[in-house]
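Top line first, the protein sequences correspond to chains F and C.
Under this note's numbering, think of the first position of the first sequence as 1, with each following residue one higher.
Under this note's numbering, think of the first position of the second sequence as 1, with each following residue one higher.
Mixed in with the good hints there might be a few duds.
To be verified - Which stretches of chain C does chain F cover? Using the computed rule of at least three CB atoms under 8 angstroms from a CB of chain F, they are:
(1) 173 to 183
(2) 223 to 235
Said to hold, decoys possible - Pair ranges (Cβ atoms, derived):
(3) F:Pro48 - C:Arg313: 53 to 61 angstroms
(4) F:Tyr19 - C:Leu124: 43 to 51 angstroms
(5) C:Arg23 - F:Gly132: 52 to 60 angstroms
Because the hints were derived from the structure by calculation, they are not lab data.
Bear in mind that the values here come from a model prediction, so they are computed numbers and not experimental data.
Even glycine gets a Cβ: it sits at the ideal position worked out from N, Cα and C.
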Amino acid sequence: MRPRLRLLVLVLILVVVLYPLVWMVGTSVKSPEEIANNIGLIPREFTPGNFSDGWTKFDVSFGRFFVNSAMVSVLTVVGNATSCLLAAYAFGRLRFRLRGFWFAIMIGTLLLPGHVLIIPQYILFRSLGWVGGDWPYLPLLVPAFLATEAFFVFLMVQFMRGIPRELDEAAVIDGANPYGIFRHVILPLSRPALVTTAIFSFIWTWNDFFKQLVFLSDLKDYTAPVALTLFIDSTSESSVGPMFAMSLLSLVPVFLFFVAFQRMLVEGINTSGLKG
Amino acid sequence: MAQMPVRPTEPVAVVPAAPRRGRRVRRRREDLAGYVFLSPWLLGLFGITAVPMLISLYLSFTDYSPLISVTEASWVGLDNYRRMFTADPSYWHAVRVTVTFALVAVPLKLIAALGVALLLNKALRGISLFRGLFYLPSLLGGSVALAIVWVSMFNRDGAFNSFLALFGIEGLPWVNDPKWALYTLMLLAIWQFGAPMVIFLAGLKQVPTELYEAASVDGAGPWRQFRNITLPMLSPVIFFNLVLETINGFQGFTSAFVLSNGTGGPVDSTLMYTLHLYIKGFVELDMGYASAMAWVFLVVIGLITVVLFATGRFWVHYSDAEER
Chain F
1 MRPRLRLLVL VLILVVVLYP LVWMVGTSVK SPEEIANNIG LIPREFTPGN
51 FSDGWTKFDV SFGRFFVNSA MVSVLTVVGN ATSCLLAAYA FGRLRFRLRG
101 FWFAIMIGTL LLPGHVLIIP QYILFRSLGW VGGDWPYLPL LVPAFLATEA
151 FFVFLMVQFM RGIPRELDEA AVIDGANPYG IFRHVILPLS RPALVTTAIF
201 SFIWTWNDFF KQLVFLSDLK DYTAPVALTL FIDSTSESSV GPMFAMSLLS
251 LVPVFLFFVA FQRMLVEGIN TSGLKG
Chain C
1 MAQMPVRPTE PVAVVPAAPR RGRRVRRRRE DLAGYVFLSP WLLGLFGITA
51 VPMLISLYLS FTDYSPLISV TEASWVGLDN YRRMFTADPS YWHAVRVTVT
101 FALVAVPLKL IAALGVALLL NKALRGISLF RGLFYLPSLL GGSVALAIVW
151 VSMFNRDGAF NSFLALFGIE GLPWVNDPKW ALYTLMLLAI WQFGAPMVIF
201 LAGLKQVPTE LYEAASVDGA GPWRQFRNIT LPMLSPVIFF NLVLETINGF
251 QGFTSAFVLS NGTGGPVDST LMYTLHLYIK GFVELDMGYA SAMAWVFLVV
301 IGLITVVLFA TGRFWVHYSD AEER
């Protein structure tokens with residue numbers, strides 16, 4: 001294909017792909033009349049009031065929902081990064097009995113659909129008093145601290161296999177034991193894998209809906225995605241603008257991550273090759 | 001964090017006179033260390049994954065609602081499974097919706113991903129910008145927020161119909177029409193073609209250019225080069241994307257939930273399997289039945305993965321035997 005034609009085709013596809021996003025931004029500042037009548041992307045009358053209307057639309061403010069989401073996401077990042085790093089060090093660098101057996105099981109859980117486990121987990125966490133308890137986020141967070149996201153374990157094992165063994169051996173000669181090697185060799189050198197894990201873990205948790213829907217039942221505990229579904233119930237014309245405004249706001253953190261780590265995200269997905 | 005100097009944290013307990021014993025001590029110590037580092041994962045494997053799986057297998061043979069304790073669940077044998085296959089019409093709707101979704105959306109998404117990757121694979125100014133922007137929907141598209149935007153776009157008075165009106169075509173209320181609702185969700189899935197596209201791009205970079213040069217010399221046109229070089233060389237990556245996207249496709253939940261407000265409507269037309277499972281388990285509190293659904297789902301997904309791997313033997317080419 002001729003270069004100029006190819007560029008034209010690519011730009012056309014890009015316009016189609018980006019249209020929904022631009023339309024969302026435009027609609028979030030349109031008045032109710034314009035949402036019904038003006039099909040253009042740019043509002044004739046700028047209506048920033050949608051944001052304040054949406055923010056205070058429910059009995060609990062959206063600020064609270066965003067704080068809840070941020071807390072769940074950040075703590076999940078901490079949990080995944082630490083627990084998966086520990087497991088990956090064992091799998092990738094240490095020789096111990098039954099390692100191959102456990103590793104095979106870990107690979108087996110990679111493709112295990114989360115929906116299969118949700119019911120028994122719900123029953124288990126409920127019997128522990130965690131569901132709807134004083135702090136209802138335990139069912140979302142405890143699994144992260146127990147390295148259940150096999151994908152990140154696998155990613156870090158792959159990464160650690162690339163760290164030269166000679167470094168371990170040198171440390172052993174210097175008298176380091178497995179804990180010392182972890183602390184002084186593996187931990188500092190694993191930073192790239194930790195950053196990739198942190199970014200993907202944050203974005204996936206921020207966007208996650210299924211588990212948060214199942215485990216959060218009290219309005220004040222809702223995260224942003226669960227709160228957004230409240231808008232669907234009220235389909236009156238006047239709530240479309242606020243709904244778009246809050247939807248847009250909820251995507252801002254992911255978008256900022258995208259801008260800041262674009263290259264890393266694209267390359268991270270390559271080395272690990274995973275979902276979006 | 002700055003690089004820490006490697007220094008001994010504790011003196012090594014090696015007895016110089018007995019090297020063999022020292023090695024055994026070190027082995028045992030590494031054994032212990034392995035399990036120390038693995039302990040959170042092991043706890044998660046048993047507590048969060050394995051034991052719940054067994055509980056769910058047991059519950060699938062019982063009539064159970066979360067209002068009672070697991071020990072009080074009443075044993076009903078194969079009743080849940082029998083009901084699923086013979087007495088729950090919605091179950092078969094869910095199966096049909098999910099299979100249709102996967103069979104249509106996954107191939108189209110992969111074709112879009114490969115097509116755009118091929119366009120991007122030539123020297124082009126601003127390629128990383130293009131690549132990043134095409135990838136953006138994969139990061140945003142799984143969210144509730146984007147599903148809301150998508151549904152609004154295909155509403156009766158949404159942007160899509162306004163666009164059609166420019167050409168004098170009268171639109172439909174796509175998301176309220178049982179014939180069309182699922183297709184709007186497929187479009188949302190296809191829209192997220194960026195993630196497999198990035199993987200395709202990396203695969204295309206690995207194809208040696210000499211192959212194309214040799215083919216050109218032999219007089220092969222672009223189509224034959226694509227057919228006889230690009231496709232076979234790319235088949236491992238195609239396979240990888242196919243497995244991944246199929247498994248993801250079967251698990252679609254969020255967009256169907258948002259479109260139907262959690263009901264799977266209109267007329268069960270967006271009742272994805274996972275949504276039906278959610279309704280049975282957490283709305284109707286029929287958790288024995290929902291557990292049976294989950295186990296069938298697990299077995300079917302496992303079988304599909306096995307079948308994909310089995311057929312892969314016939315069409316996935318590895319460039320050298322070592323890679324196998």
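Taking the hints in turn, this is what the structure says about them:
1. 173 to 183: Violated, because only 0 residues of the segment 173 to 183 of chain C bring their Cβ atoms closer than 8 angstroms to Cβ atoms of chain F.
2. 223 to 235: violated (count 0)
3. F:Pro48 - C:Arg313: 53 to 61 angstroms: 59 angstroms, holds
4. F:Tyr19 - C:Leu124: 43 to 51 angstroms: 22 angstroms, violated
5. C:Arg23 - F:Gly132: 52 to 60 angstroms: 54 angstroms, holds
Consistency note: the structure conflicts with the earlier hints numbered 1, 2, 4.
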